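Chemist: Residue numbers (this note's numbering), protein chains in the order written: chain A, 457 to 977; chain B, 4 to 367.
Incorrect hints may appear among the rest.
[Stated by the list, open to error] DSS-like mimics (lysine-lysine), calculated; alpha carbons at most 25 Å apart, straight line:
id, chain 1, residue 1, chain 2, residue 2
1, A, Lys667, A, Lys963
2, A, Lys542, A, Lys526
3, A, Lys486, A, Lys535
4, A, Lys587, A, Lys626
5, A, Lys872, B, Lys9
6, A, Lys655, A, Lys626
7, B, Lys361, B, Lys9
8, A, Lys782, B, Lys248
9, B, Lys44, B, Lys201
10, A, Lys523, A, Lys626
11, A, Lys655, A, Lys667
12, A, Lys655, A, Lys542
13, A, Lys523, A, Lys557
14, A, Lys486, B, Lys9
15, A, Lys584, A, Lys594
16, A, Lys526, B, Lys361
17, A, Lys655, A, Lys557
18, A, Lys850, B, Lys9
19, A, Lys542, A, Lys557
20, A, Lys486, B, Lys361
21, A, Lys656, A, Lys594
22, A, Lys523, A, Lys542
23, A, Lys848, B, Lys9
24, A, Lys872, B, Lys361
25, B, Lys9, A, Lys786
26, A, Lys587, A, Lys526
27, B, Lys361, A, Lys523
28, A, Lys626, A, Lys535
29, A, Lys626, A, Lys542
30, A, Lys542, A, Lys587
[Said to hold, decoys possible] Output of the computed footprint for chain B on chain A, the stretches with three or more beta carbons under 8 Å from beta carbons of chain B:
id, region
31, 639 to 646
32, 793 to 806
33, 826 to 833
34, 843 to 857
These are computed hints drawn from the structure, not numbers from a lab.
Note that the coordinates shown come from a computational prediction; the quantities given were computed from them, not determined experimentally.
Glycine included, every Cβ here is placed at the ideal spot set by N, Cα and C.
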Amino acid sequence: MNEKIKGGRHNSVAPSIELINISKAFGAVKANSNISMQIAQGSIHGIIGENGAGKSTLMSILYGFYKADKGDILIDGSKVNITDSKDAINAGIGMVFQHFKLVENFTVLENVILGVEGGQLLAPSISKARKDLRALAKEYELNVDPDATIDSLGVGLRQRVEILKALYRKARILILDEPTGVLTPAEADHLFRILNNLKKEGKTIVFITHKLREVMEITDTVSVMRQGEMTATVKTSETSPSSLAELMVGRKVLLRVEKQTSAPGNTTLEINNLNVIDNQGVQRLEDISLSVRAGEILGIAGVAGNGQSELLEVLGGITEASGSIKINGKEIALRGNEANGQSRRLQGIAHVPEDRQHLGLIMEFEAWENIALGYHNSEDYQQNRFLMSNAKIKTDAIRKMEQFDVRPNNVTLSTKGFSGGNQQKLVLSREIERNPDLLLVGQPTRGVDIGAIEFIHQQLIRLRDAGKAILLVSVELEEIMSLSDRIMVMFDGKIMGEKTPTETNEKELGLLMAGINGDTN
Amino acid sequence: MDVLPKWVDTVIIPLIGVLISLIFSGIIILLIGENPIDALKLMITGALGSTYGWGYTLYYATNFIFTGLAVSVAFHARMFNIGGEGQAAIGGLGVAIVCLSFGWTHWFPALLAATLGAAIFGALWAAIPAYLQGKYGSHIVITTIMFNFIAASLLNYLLVNVMRPTGSMDPATQKFPEATSLPSLHDMLEPVGISFSKAGPANISFLIALIACVLVWIFIWHTRLGYQLRAYGHSESAAKYAGIKPFKIIMISMLISGALAGMMATNNVMGEAERLIMNSTEGAGFIGIAVALMGRSHPLGVLLAALLFGFLYQGGAELAMWTTIPRELIVVIQALVILFTGALENMVRAPLNWLWLKSRRGTS
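Could you build the full structure based on these sequences and the hints that come with them?
Modeler: The following block contains the structure:
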């Protein structure tokens, strides 16, 4: 591959990070094999790869969570021995995790000095930290109120606190693991500005992601990992999203969803004034009204946690609500004994839940057992009045798994033995093949490999073209924009507005996602 | 995926656990000043060397099968039913009422009715903690433990004040009618030409226990209800997603569990004592927890584990009779078995896993 070049080494300066033949195996699984790379000081380096490609393992080795079986780590040209996170910090490495490690009822200052208090009394280190934080804020646009407690801060600000923590510990190398997953587009833009400021000051940034668009936008060089190996390191300016995708998956992939314009029919789902108040008294859904017609996909965009999950759960019969929901003109029960997943399925609703590992699948079950989940009372799975027919379920499972290309094609394999993408295909095959009138889909491609994403999107379009109604919830704006026929944006339990994908853009949707209604000005 | 094959997981690992616990038991016996090899020989000949020994071993095993199945069924729904002891005791009350209330002329209808009575009483006793768990979230472990004490006190009261025949000094019911006496293994095997000791208390309820094993297996793995129960046990959220109602599953799993525990009374109350006495269960309800743990909540595993514990009980009694080893040692051995097959299971699994992977890598 002619794109393979030595990662941007400056002439005489030693690279900020150099890995030489790093290998790590878990049992027989080679998570990293002979990984070598160099990252120049003062650059932003992206690491991309599918789930399970070995990105996280590599970073965990760099941060001292795992010890490599063999290989060397060089920081600024000298060999270091990193056995725990303390060594990593001393070597000047800071890490911002995907799931923040903050004490929620501590203030920003207290979180920043946690672990580096530097004495028996807190007051001196707090005042020192206050001064340092002020300087950092000015230098890098990292503004956070130092006296705010973490639980009063949104995700974007929490992430800044994590970055501040690393910088306060004198990090020269900053590793960010999927940093934009929880951010609105505006917050992500701000993060990118911060990262560019850090780069200007000579910091080295390692940016782990699976979003090709971000890699193209922010990085100087990018390494692609596949199946534990580093398949290529290229200059970002000399590559394209499609060639990166090809390097990640090992074959050509279609990044755009191919679809015809929709031909919507009658209204399948009609929701009027839906309200949900949870058991802590918090209003999760407020006066939601919407409708989905047969043969169209309604996409619900929004930052995670703004009521999308509750909407799906009410429709799926998991959460009780007040208001009115009609399926094909018929009112369905929103509370009481009749509001459950069984009656919903009988009413023609199928549900691919957001959290497949906790809702959609039972990880300890074998694949065939999960094919019956929710449809265990279905007549075609019974032997007679008393006995279920495991043989019939297995036959059905073999057929469905073949249809959806679930790999390995083994119905008796424990569900946790499948990759994320194949688990998702298992759920999709179960729900789509029942030919529902309405399909609820939450985060259809979360944690799913690029290759499988393509397939899943095709299946959703196929169902739409068969004249079924689909309600799609996703935090991936790209996905919403490419799949939906109409888009609604949710914020704080309310619907902020409706847009047509062809007449809107990410910026406009991003404002709505942040709760700013653009129509008012 | 490189994982241990199923048979290693379900057969070899518990066996190694038993072996390790036997080694430790041997060390303790050495410390007492006896020869562990002789002790083991004595246990084997005492429990398995004669039909007399078998009569006792199978009798104990019958108790443990029922209570082990009871714990297993509840455990598939992730309900920790610690109340087998109380449910078995109340099941005994059901047996006593059935046997004493009607003029039985043959043991067969009496056994059917007594089994039903035992099951209903045991189920009802389990129903109260189940309801409290299902409706109010009171933890089933706490409530079932407390219900053991309540059951013991209730039986104490009934046997002393209500059910004791007038003039008797013994806190027990009167003897059940002669016609309710169950056939022993001796009675059952004689017609087919096998001579079995008359003294052992093992009786026809051993067969009921075996049938219960088969029925539980069918229930758990071949019925819709069993499917829902397992689904709920693995993941409450996924069960709710599938439209499985938690309250229903909690109630059903605990009712079946209580019924199985109660049915133990057909063996110890109807088959052996032939009247209801104080503390008739002798801790079999608690042994059931160990049996279920060791048997991986699978009826076949429960059967094998129950036989092992039956052997330990009878062999231990023999030890106490013929050596200076106190009877309490069997409690120590049991504890070690539970420790090594249950709590410290990963201590055995991890090195085995490592060996397995190593051998796989060597051959591939």
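Chemist: Evaluate each hint against the coordinates.
Modeler: To see whether the hints hold, each was checked on the structure:
no.: 1; hint: A:Lys667 / A:Lys963; verdict: holds (17 Å)
no.: 2; hint: A:Lys542 / A:Lys526; verdict: holds (21 Å)
no.: 3; hint: A:Lys486 / A:Lys535; verdict: holds (24 Å)
no.: 4; hint: A:Lys587 / A:Lys626; verdict: holds (15 Å)
no.: 5; hint: A:Lys872 / B:Lys9; verdict: holds (15 Å)
no.: 6; hint: A:Lys655 / A:Lys626; verdict: holds (15 Å)
no.: 7; hint: B:Lys361 / B:Lys9; verdict: holds (18 Å)
no.: 8; hint: A:Lys782 / B:Lys248; verdict: holds (23 Å)
no.: 9; hint: B:Lys44 / B:Lys201; verdict: holds (24 Å)
no.: 10; hint: A:Lys523 / A:Lys626; verdict: holds (23 Å)
no.: 11; hint: A:Lys655 / A:Lys667; verdict: holds (20 Å)
no.: 12; hint: A:Lys655 / A:Lys542; verdict: holds (24 Å)
no.: 13; hint: A:Lys523 / A:Lys557; verdict: holds (22 Å)
no.: 14; hint: A:Lys486 / B:Lys9; verdict: holds (24 Å)
no.: 15; hint: A:Lys584 / A:Lys594; verdict: holds (16 Å)
no.: 16; hint: A:Lys526 / B:Lys361; verdict: holds (19 Å)
no.: 17; hint: A:Lys655 / A:Lys557; verdict: holds (24 Å)
no.: 18; hint: A:Lys850 / B:Lys9; verdict: holds (19 Å)
no.: 19; hint: A:Lys542 / A:Lys557; verdict: holds (15 Å)
no.: 20; hint: A:Lys486 / B:Lys361; verdict: holds (14 Å)
no.: 21; hint: A:Lys656 / A:Lys594; verdict: holds (14 Å)
no.: 22; hint: A:Lys523 / A:Lys542; verdict: holds (14 Å)
no.: 23; hint: A:Lys848 / B:Lys9; verdict: holds (23 Å)
no.: 24; hint: A:Lys872 / B:Lys361; verdict: holds (23 Å)
no.: 25; hint: B:Lys9 / A:Lys786; verdict: violated (49 Å)
no.: 26; hint: A:Lys587 / A:Lys526; verdict: violated (42 Å)
no.: 27; hint: B:Lys361 / A:Lys523; verdict: holds (20 Å)
no.: 28; hint: A:Lys626 / A:Lys535; verdict: holds (19 Å)
no.: 29; hint: A:Lys626 / A:Lys542; verdict: holds (13 Å)
no.: 30; hint: A:Lys542 / A:Lys587; verdict: holds (24 Å)
no.: 31; hint: 639 to 646; verdict: violated (count 0)
no.: 32; hint: 793 to 806; verdict: holds (count 6)
no.: 33; hint: 826 to 833; verdict: holds (count 5)
no.: 34; hint: 843 to 857; verdict: holds (count 3)
In this structure, the earlier hints numbered 25, 26 and 31 are contradicted, and the remaining ones agree with it.
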